[in-house]
Amino acid sequence: MSPEPIIETTGLRRTFKGRGKGAEVEAVAGVDLRVEAGDIFGFLGPNGAGKTTTLRILATLLPPTAGTACVAGFDVAKHPNEVRKRIGYVAQAGGSYREATGREELVIQGRLFGMSKADAGKRAVEILDALELADAADRTCGTYSGGMRRRLNIGIGMVHRPAMLFLDEPTTGLDPQARARMWDEIRKLRDGGTTVFLTTHYLEEADALCDRLAIIDHGRIVAEGSPTELKREIAGDVITIGVNGHADQVVKLMAGQPFVREAGLEDGLVRLYVDKGEEAVPSVLRLLDGHGLAPSTMDLHRPSLDDVFLKKTGRSLRETAA
Amino acid sequence: MPLRGDAAAWEKAVRTIRDTWLIFDRSLTLSLRNPVWVIMGILQPILYLLLFGPLLTNIARMPGFPPGGAFNVFVPGLLVMTALFGSAFVGFGLCDEMREGVVERMTVTPMSRVAMLVGRSLRDVVLLLGQGLILVVLAIPFGLEINLGGVAVAFAMLAVIGLMMAPVSYTLALVLKSEDSLAPVVNGLALPLLLLSGVMLPMSLAPDWLQTVAKFNPLFHAVSAIRALFNANYGDSEIVVGLVLLFVLAFATIALGARSFSRSAE
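The listed protein sequences derive, respectively, from chains G and L.
Take the first sequence: its position 283, counting from 1, is numbered 283 in our numbering, and each next residue is one higher.
Take the second sequence: its position 108, counting from 1, is numbered 1108 in our numbering, and each next residue is one higher.
Hints in this document: simulated from the structure, not taken from any laboratory.
Be careful, since some hints might not be right.
Straight-line distance between alpha carbons at most 30 Å, and here's what the computed BS3-like set of lysine-lysine pairs gives [claimed, not checked]:
1) L:1012 with G:117
2) L:1012 with G:78
3) G:85 with L:1012
4) G:78 with L:1177
5) G:122 with G:78
6) L:1012 with G:17
Predicted, not measured: the structure shown is a model, and the values here were computed from it.
Full structure from sequences and hints, please.
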C-alpha cells in the first residue's frame, strides 16, 4: 500500500473577480489531486490553465474559494503556518533580491524559520557548496547569471529542509544548458527524499523530469499518470496529414480502414492513430492517390505528451504555449 | 485575547520582536548599501535650508509671524517635510521587492506578518531621523537655536510621523503593486498634507478658511508642536495634541498595514 499522500485536494476551486459587475473568472474549477511523497510531480498545462493558482493555494498564498487541500499533513486554509514550516516555495518571480548577496538571502531565510545565526550561516554554506555557488556567495544576486539565480532561489526554498518543495515554472526562460543543469538539481532533491511539485508548460520537461504528471486545462485536470502511462493511452503511432480543403473527406475515408484505430481532425490536420506507422504510411498514400486527394504534408511520430494533451483538449499545447 | 502567562502568546510576541529585528536589520543594510534614496531624501531639505531659508529672515519681522527666529520657525517645518517624504515614498522600494518575489517568498515562511511591516517602517524611521539630525546640525550656523530636551521630544515626534506614514505607503504599494500606479496616489496624498501643514510659511499667515482646513491635518499640529518644542514653549497645548494625534494615527496605520501584509499574497 502506498503511504499517506503528501498532497491531497478535493474539489479545489478558486474564482477571481473578472471585468464587469459581478463577473467571475474560475481559475481553478474543481481539482482533485493526490501526490505521493518522494515523486517529482509535474503540473502541465498552457498559460492561464490554472497551474500557478493551484500552486499558490497549495503553498498557502491564496485561500481556496471552495474545496480542501492538505499539504504535508495539514489543511492549508486552517493551519497555514504548520504547512509553511514543512514546505519550500519558489515563485516564478524568483525570491532573491538583486541588491542582497546570495549568502545574506540564505541566512535571513534560515533565521526567519527560527534558526540561530550560527546554524543559518552553516546551512547557507552547505547550500552554496551543493549548488556550486560558493564563489558567488558574497556577490549581490543582481550579478548572477540566469541559471545561478534560479539555483539560488531553489536553495532559498530548501534552507529549512522542507519535505516538500513547490517550484513555479523553474526553467522558463533558461537556455538549454542551464535547463539541463536545473533538471539535475531537481532530481538530486528528489533522490535526497524531497517531494517536488512543479509547474511547467514544456512538454519535454514534463516527459523527461517528472515521475508523475497531471495535465490541467481551463482549471480542470484532464489526465493524470506517469508520462509513460499517459502516452500508452495513445496506442501505436500518430500520422498527421495536411490536405488542402478535403480534410473531412480524408477523415471519413481513413476511419473506414482496418489499420486505422482512430481518425480525427485537429487543428486543421488529419490525425490518424495506427498500430504500425511505418507500414501504414504507404497504404495511406495509395488510398489518397486512388481517391485523387494529394496530401500537402505528412508526418509520422511516436505519441508524445502533446498528443495526449491534444486528444484530451482538442488543442495542441505547442501552439497554446507559444 | 491571550491570557497572561499563556505560553503560545508569549512565544508569538518573542517571535514578532525577533522577526521585526531581522527585517529591520536586513532592510537597513540594503538601504545603506545603495544609499541613493537616502541622499536624495536629505538633499531637498538642505536646498530649502540654503536657498529658501534666508528669504524668511525679513518676513519673520512681519506681523502674524510666530515668535522665535526665522530658522526656529522654518527648520521644524523642514524636519516634518523630511519625515513626510522620508516615509510617504517608501512603498516604491516595496514594489521593487514584490517584483523580485521577495515578499511572496517571505509570506511562505511562518514569520510574523506584523514584522514584515514594522521592521521596514523602523528602518525608514532610523533613516529619516538621521536625515533630520544632519539638517539640524547644518541649520545651527544659520541661527537655529536648540535646546536638547525639546529637540529630543521633537525627534520622537518625527519618528511617530514615520510610523504613521510608512505603513500607509506600504499598504498602497501592496494594493497597487507598481510604482507607476503608486506615484500619483502618494503625490496626491503627500502634497496637500505638506501644503496644509505650514511647513514653508506659518499657517498663522493664512486666511481663516485655510487655517480651519489645516486643523484637520495631523502634520499641521506636528509642525506647531515641533516649533513650540524648538522654542522651549513646553506649555503649548499643541505638543500634547500633536503627540496624541500622531500616536493614535500611527497605531491605526500599523494595524491596517499589518493586515495588508498578511493578505498581501491574495
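Verification of the hints:
Annotation: proposed proximity of residue 1012 of chain L to residue 117 of chain G holds, straight-line Cα distance about 19 Å (limit 30 Å). Annotation: proposed proximity of residue 1012 of chain L to residue 78 of chain G holds, straight-line Cα distance about 18 Å (limit 30 Å). Of the pairs offered as hints, the one joining residue 85 of chain G and residue 1012 of chain L holds, with about 15 Å between alpha carbons and a cut-off of 30 Å not exceeded. As the CA atoms of residue 78 of chain G and residue 1177 of chain L are separated by approximately 27 Å, the hinted pair is consistent with the 30 Å bound.
For the suggested pair residue 122 of chain G and residue 78 of chain G, the alpha carbons sit about 33 Å apart, so the restraint of at most 30 Å is broken. About 35 Å separates the Cα atoms of residue 1012 of chain L and residue 17 of chain G, which puts this hinted pair outside 30 Å; it is violated.
Hints 5 and 6 from the earlier list are contradicted by this structure; the remaining hints agree with it.
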